[in-house]
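With chain A fixed as given, assemble chain B onto it according to the hints.
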Amino acid sequence: KNQVEQSPQSLIILEGKNCTLQCNYTVSPFSNLRWYKQDTGRGPVSLTIMTFSENTKSNGRYTATLDADTKQSSLHITASQLSDSASYICVVRGTNSGYALNFGKGTSLLVTP
Amino acid sequence: DTEVTQTPKHLVMGMTNKKSLKCEQHMGHRAMYWYKQKAKKPPELMFVYSYEKLSINESVPSRFSPECPNSSLLNLHLHALQPEDSALYLCASSQDSSGLFNYGYTFGSGTRLTVV
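First to last, the sequence lines map onto chains A and B.
The numbering used here numbers the first residue of the first sequence as 74 and each following residue consecutively.
The numbering used here numbers the first residue of the second sequence as 18 and each following residue consecutively.
In case anyone wonders, no lab produced these hints; they're calculated from the structure.
Take these hints with a grain of salt, some might be off.
To be verified - The calculated EDC-like cross-link candidates involving lysine to aspartate or glutamate, where the alpha carbons are at most 16 Å apart (straight line), are: (1) B:K26 with B:E41; (2) B:K26 with A:D112; (3) A:K178 with B:E61; (4) B:K57 with A:E78; (5) B:K55 with A:D112; (6) B:K58 with A:E78.
Predicted, not measured: the structure shown is a model, and the values here were computed from it.
The following block holds chain B by itself, in its conformation from the complex:
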C-alpha cells in the first residue's frame, strides 16, 4: 500500500459545527503532516507529527486541533471555523521528517472543506 487516504473527500460545515478530517497511511512512515491549500497557491504547512508526537505547529489557530492516535492515523479536528478557512486540506507522510535522506513525500488526495 503506497497511498495516503483522506476522508471525507468533500465537507461542508457551518461555523458552529464540529467535524474531523481523517488521514491514514500504511507505508510505515513515521512523519505525517497537515497542509492547507487555497486555490492557485502552494500548500502551506500547518502541523508536523514525528513518531506520533507533535513537533511543529506553524502558528495555526486553536480552532484546528490535530491528533495522532497511532503511527498510521492522523486526524484534524475542526471547531468554530470561519469562511476563510475554506480550502483544500492535504495530509502527507514521509519516512521521517529529518530531510537527511531521499525519502519521498506522499500526499493524500485532500479534503475540500467549505465553511458556510
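Just chain A, same shape as in the assembly:
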C-alpha cells in the first residue's frame, strides 16, 4: 500500500527561526512529489514539485530536498514569518497510479511572535 508519512505532526517556532519538515513515502514507482501549504479553510497551494532526478528546489524561503533512493523529502523554511502558520502537506504521485494522489496527513506549523 502506498503511504506518505509526515513528521512532526505539529510544530511551534518563534518568528524568524528556521524549521524543517519531513516526508517519507513508499510510493513506487515514483513520479513526483509536491509540497503544499494549506491555510485553514482554504485550498492547498503548491510550493514545489520535484521529480526523480531533482535533489533540491527552492521557492523563496522554502527549500525542498528529495532523496529518491531513501524515499525521503524535506521542506526547509528559512526566517519564518507569522504568515507561514499553516498546514504543510506532502503529496506523492506514482507513475502507475494514474489519477491517484497519495497525501500525507500534514504538519501543522504555528509561528509565534
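Below, chain B alone, put in the same frame as chain A:
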C-alpha cells in the same frame, strides 16, 4: 490564467435544499477532480473527470451529483445532504489523469459547506 476558481466560497444549506458548487479553470487541463476535506484530515477523492467524462466515482452517495458541462467547468450538485457532509469541498485540475507526466495539480480555494 493559472487558477482554479471555486464558487461560492461559503455555503450554508438545509437538509432539504438543493444547491450547486461550481469550479472553473482556463489552463486547458483535461482532468478535473472533486475532493472532500474534513478538518485536520487530508483531502479525500470523490470524483474524477477525464476529457469531460466521469472516469472515477469513489463510492460517493448519490446525494452528490457531479456534472462537467465542458472542458473548463465542473459542477457538484447537492441534494438532501446530511450534517456530516459539512466539509471543505475542493476542486482540482491537471493536464491529464494518467500520472505518467510531471504535470502539476492545481487546487481551487475550496467551498466551505455547512449543512444544518
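Agreement of K26 of chain B and D112 of chain A with the hint, judged by alpha carbon distance not exceeding 16 Å: Within the cut-off at roughly 14 Å; holds.
Holds or violated: K57 of chain B to E78 of chain A, with C-alpha atoms at most 16 Å apart: Holds, at roughly 15 Å.
Holds or violated: K26 of chain B to E41 of chain B, with C-alpha atoms at most 16 Å apart: The given pair, whose Cα atoms are some 13 Å apart, holds under the 16 Å limit.
Holds or violated: K55 of chain B to D112 of chain A, with C-alpha atoms at most 16 Å apart: The hint holds at about 14 Å.
Proposed proximity, E78 of chain A with K58 of chain B (alpha carbon, max 16 Å): holds, 13 Å
Given pair status - E61 of chain B, K178 of chain A, alpha carbons within 16 Å: holds, 11 Å
Checked against the numbered hints given earlier, this structure breaks none of them.
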